[in-house]
Amino acid sequence: MATPTFASAIQTQALRRVYAIKPRPVVALDGVDLDVAAGELFGLLGPNGAGKTTLIKILTTLLLPTEGTARVAGFDVVTQTGHIRRIMNMVAGGEQSGYGILTVREQLWMFSQFYGLGTREGWRRVDELIELVGIAEQRDRRISSLSTGQRQKLNLARGFLNDPWILFLDEPTLGLDVGAAREVRQHMREWRSTVPGRTILLTTHYMAEADELCDRIAIVDRGRILAIGTPAELKRRVQQESLFRLEVDRLPGGPGALAALPGVLSAVTAGDADTAADSGGAASIAVQLVLQDDAALAAVVSNLTAAGVHLRGIAKSEPTLEDVFVELVGRGLSEEAPGAGDGEANE
Amino acid sequence: MSGIAAAPGIPPGADRDHSPYLWRASADPVSAAGWSRRRLLGTNLRSVLGRAFPRIVGALREPSWVAFEVGMPLLTTSAFVLVYRALGAPEAFVGFAVVGGAMIAFWMNVIWMMAAQLYWERSQGNLELYFTAPIHLMSILLGMAIGGLFMSSIRAAVVVAAASLLFGVQYAIEDWAALAVVFLLTLAALYGLGMLLASLFLLWGREAWHMVQLLQEPVYFLGGLYAPIRVLGSFAYLVAGVLPLAVGLDAIRQLAFAGTEQLGLLPVRVEGAILAIMAVLFLVLAHRALAFVERLARREGRLTIRWQ
Amino acid sequence: MSAAAAPRPAAPATGPAASGGPFDPGRADPRPLSDAVRSLRAGIRLGWAIESNWSDPVLFAIYSVVKSVGAVLLLVALVWIVGAGGRSDAVAYLVVGSAAWTFVGGGLIGLVQTILDDREQYRVLKYVVVSSASFLAYLLGRSGAQLLIATIGCLVILTIGIVLLGVPIDPVAIDWPLFAASMALGLVGLMALGIGLAGFCLQLRQEAWSYPEAVAGGLYLLSGAIFPVDVLPEAFRPAAFALAPTWWLEGLRRALLGRPTPGVMAGLSDTAVLAALAVTAAALVVLGLAIFRVMLRRARDRGLIDQTTGS
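Chains as they are written, first to last, in the numbering used here: chain A, 1 to 347; chain B, 1001 to 1308; chain C, 2001 to 2311.
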């Protein structure tokens, strides 16, 4: 088989989308530049109304851009929609599409026909996917009777039906319980890893999900990309240093002795309220360290060990992606901007 | 992770048959996107079957529709027959009303189970899934039509049988083959019109729905569902050129009640030709209209708006 | 259910509690009249917003008028086609029947479709049911907007009938007491039928939408809307006389046209017609409300209020 020849799975340039709605037009996307490489699991993180769904709708050929260009696997979303539709699929969270009178198996088979699978081939593929996503017991139940989690698994199975190269997932774990969400994320990982070059574009406003899954994340707000990078890179925008909390049985020389070590920017003991006791009831001293980088920790530990100090606990403190967002925007991920909408003209 | 993984589609050592996450391997998305005409046609034909499937399954699975699909048109047809009898109309009109009442089944299928269906599909969230699939919307519409044909045929057949028995209608069919051909041409033209109207529903949403409700009675009248369109005078020729229901019904009546040609508008052969032209013309127009409306809907973001 | 059964602390007359501080158990007391009035008003406003918001006002007005007129013109055209154009009594009969029938579309069909729309499309039914609103009053209010549109349609049809078709309705000669009584009782009967049917349709899945049309179709055939009851086969006439709409239409025709329908009805006095209407409407009220209560309870029991069927 030939080596894949596409460089970018998704590429947008100066992408802009304006909805002409009353009383005033809504700019859902405002000059978005994006380049998702083949094989990435790329996340779009942002609050409601940021423009994430609008971007997905453009890339999945449901919506035309007002200005700018967008390409999926090199195919233009405006002029080569047929090509794109053959190699992608999409799954949205909370999706309630389908025909309630059909069973799980029948619903999926119907969609298999839309992607050109043979009649019998379709049934075989459907049965395999039903087993895969874990709804085998519901295979002959009408989809109107499925729970939220089961319905989303069904949607995910539909997304896998045509072996897409690019999978668009619009808040796929929305409304799911912890177990179901975890299963969905696992399926995402395994699906992508099966074939090199398979790409996922994931929108979410669950920061932990983005942090866990994504190779790179774009933080989106009010139609603009505020920052792009790996989760670690994004967090370093907020906090360059490494923060650690140590618990020791004693501290000879006090925190000042640690502060003098190379790579240690500051060392302070935690307040009385933070003083911990171990399970034996012996008092511990908590020390907050700010280090230039993680590597400096080794010197601290070896210094303490050499002084006969018992190290009872080490914990790293990291900023969250919400910290990153707040740093960039000045409000939390759950707080919508005034007058925000995701660009859809809902009554 | 950036750039391209070195390995082609399937990782070395991977066993395609045992990975449920992979069904049909392809080298890369560019080659995967390039379908042959044969594959495109095959997929669209399969989509027709796929979309007809829920209709047929639904009809078989919940047969309660039979009572309504049979009872309601029978009620309406009976009402018009009794109006004619109250007014002392010629008995031929009773037969016309029965045949017209049966054809309403197909007209309703075209309007509500095909044209307007896209409006409901959008509010259910199915429309966007159809648009993101690599098929033409006409395949979906045709599937809807074929699926609905099952119910409509039963409805029409029972109305004809029951109303004919109830009201003592006497048929005089001399050429069954011609009747069958005209009936099929009428269906083809009707469904072509339905596809064209589907684009309007997609564009106008609730306004289209209300317009169809508004035009229901005028269409019944202009379509000759309860009286031959000849009564419209020269205006009938204009109607015949636009409404396949009018032409088809006129031809069907002439064939079902041999000897009533004087009540027909045009000779059956001419009306058959008109229907054939309409079928082709409506299909071509529908193809263009759907493409236009899709582009417009994508530009204005209407493919996923609910309650528009 | 009596809120007075359990003792509760009296709410203070002044202070933070009186202005909405700690929970005031008095809020849970039933207020049937005010709940009903509030729900009725909200239903009417919401119903009007839904019925009128799909287009601009001018188009909506044109639509309302044309829709009303279309049906009656079709029937009148049939009269002319059949060659009975000289029969002004037939035209008058059809015009009055068609004018009145707009209320069946708005009241009966509209009421049932309201409950199905709220469950399937707007998905707010469960929120209305669990609120403190009077559900029955809300439903009646929702159909109130449709009745308002039906009234406009009715007036348009009658006007066209008088002006263009020569229907002999003289506003001065109308028997207004008979008209008012017939309309009031007839609408009560229709709404009661609609309420019962709405409760019944709440139990259904796929065919719920077809029931109101089917019932309206049956009434159309049996109640003398477009032809006298005498034209019906003999076996169906008892059913026709048992229906409130039959007497409602007869009462309206007598009030507007000043004469009874020829045939069986001609031998009955106006009082007898009104009495029959009152009795049949009362029966519908009792039956309709009973069915509604039973069906609503059944729907709660089976979890049907918040279940969407996808139909």
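Treat the hints loosely; a few may be bogus.
Dumping the calculated SDA-like pairs for lysine to any residue here, alpha-carbon to alpha-carbon at most 20 Å [unchecked claim]:
(1) A:235 <-> A:327
(2) C:2126 <-> A:313
(3) A:22 <-> B:1180
(4) A:22 <-> C:2035
(5) A:235 <-> A:268
(6) A:316 <-> A:299
(7) A:22 <-> B:1205
(8) A:235 <-> A:245
(9) A:22 <-> B:1203
(10) A:316 <-> A:268
(11) A:22 <-> B:1085
(12) A:316 <-> A:230
(13) A:22 <-> B:1204
(14) C:2126 <-> C:2057
(15) A:235 <-> A:147
(16) A:235 <-> A:257
(17) C:2126 <-> A:96
(18) A:22 <-> C:2052
(19) A:22 <-> A:8
(20) A:22 <-> B:1303
(21) A:22 <-> C:2126
(22) A:22 <-> B:1207
The hints are simulated quantities; they were obtained by calculation from the structure and are not laboratory data.
Structure-based check of all given hints:
1. Using a Cα cut-off of 20 Å, the hinted pair residue 235 (chain A) and residue 327 (chain A) holds, with the two alpha carbons roughly 10 Å apart.
2. Distance check on the hinted pair: residue 2126 (chain C) and residue 313 (chain A) sit about 53 Å apart at the alpha-carbon level, beyond 20 Å; violated.
3. With a CA separation close to 53 Å, the supplied pair residue 22 (chain A) and residue 1180 (chain B) exceeds the 20 Å bound.
4. Proposed proximity of residue 22 (chain A) and residue 2035 (chain C) is contradicted: the alpha carbons are some 35 Å apart, above 20 Å.
5. Straight-line distance between C-alpha atoms of residue 235 (chain A) and residue 268 (chain A) comes to about 23 Å, which puts the hinted pair past the 20 Å bound.
6. Annotation: proposed proximity of residue 316 (chain A) to residue 299 (chain A) holds, straight-line Cα distance about 16 Å (limit 20 Å).
7. A hinted pair counts as satisfied when its Cα atoms are at most 20 Å apart, and residue 22 (chain A) with residue 1205 (chain B) qualifies at roughly 18 Å.
8. Of the pairs offered as hints, the one joining residue 235 (chain A) and residue 245 (chain A) holds, with about 18 Å between alpha carbons and a cut-off of 20 Å not exceeded.
9. Among the hinted pairs, residue 22 (chain A) with residue 1203 (chain B) is consistent with the structure: their alpha-carbon atoms are about 18 Å apart, no more than 20 Å.
10. Between the alpha carbons of residue 316 (chain A) and residue 268 (chain A) the distance comes to roughly 15 Å, so the proposed pair stays at or under 20 Å and holds.
11. Only pairs whose Cα atoms come within 20 Å are accepted, and residue 22 (chain A) paired with residue 1085 (chain B) is rejected, the gap being roughly 55 Å.
12. A distance of roughly 19 Å separates the Cα atoms of residue 316 (chain A) and residue 230 (chain A); the hinted pair therefore holds under the 20 Å criterion.
13. Restraint check: the Cα-Cα separation between residue 22 (chain A) and residue 1204 (chain B) comes to about 17 Å, which is no more than 20 Å; the hinted pair holds.
14. At most 20 Å may separate the alpha-carbon atoms for a hinted pair to count; residue 2126 (chain C) and residue 2057 (chain C) exceed this at roughly 31 Å.
15. For the hint linking residue 235 (chain A) to residue 147 (chain A), the alpha-carbon distance of about 37 Å lies beyond 20 Å, and the restraint is violated.
16. The straight-line distance between the Cα atoms of residue 235 (chain A) and residue 257 (chain A) is roughly 29 Å, outside the 20 Å bound, and the hint therefore fails.
17. For a cut-off of 20 Å, the pair hint linking residue 2126 (chain C) to residue 96 (chain A) stands: about 18 Å separates their Cα positions.
18. For the hint pairing residue 22 (chain A) with residue 2052 (chain C), the CA-to-CA distance comes to about 18 Å; that is within 20 Å, so the pair holds.
19. For the given pair, residue 22 (chain A) sits about 37 Å from residue 8 (chain A) by alpha-carbon distance, which is inconsistent with the 20 Å threshold.
20. A threshold of 20 Å between alpha carbons decides the hint, and for residue 22 (chain A) with residue 1303 (chain B) the separation of about 18 Å falls inside it, so the pair holds.
21. A distance of roughly 31 Å separates the Cα atoms of residue 22 (chain A) and residue 2126 (chain C); the hinted pair therefore is violated under the 20 Å criterion.
22. Restraint check: the Cα-Cα separation between residue 22 (chain A) and residue 1207 (chain B) comes to about 18 Å, which is no more than 20 Å; the hinted pair holds.
Consistency note: the structure conflicts with the earlier hints numbered 2, 3, 4, 5, 11, 14, 15, 16, 19 and 21.
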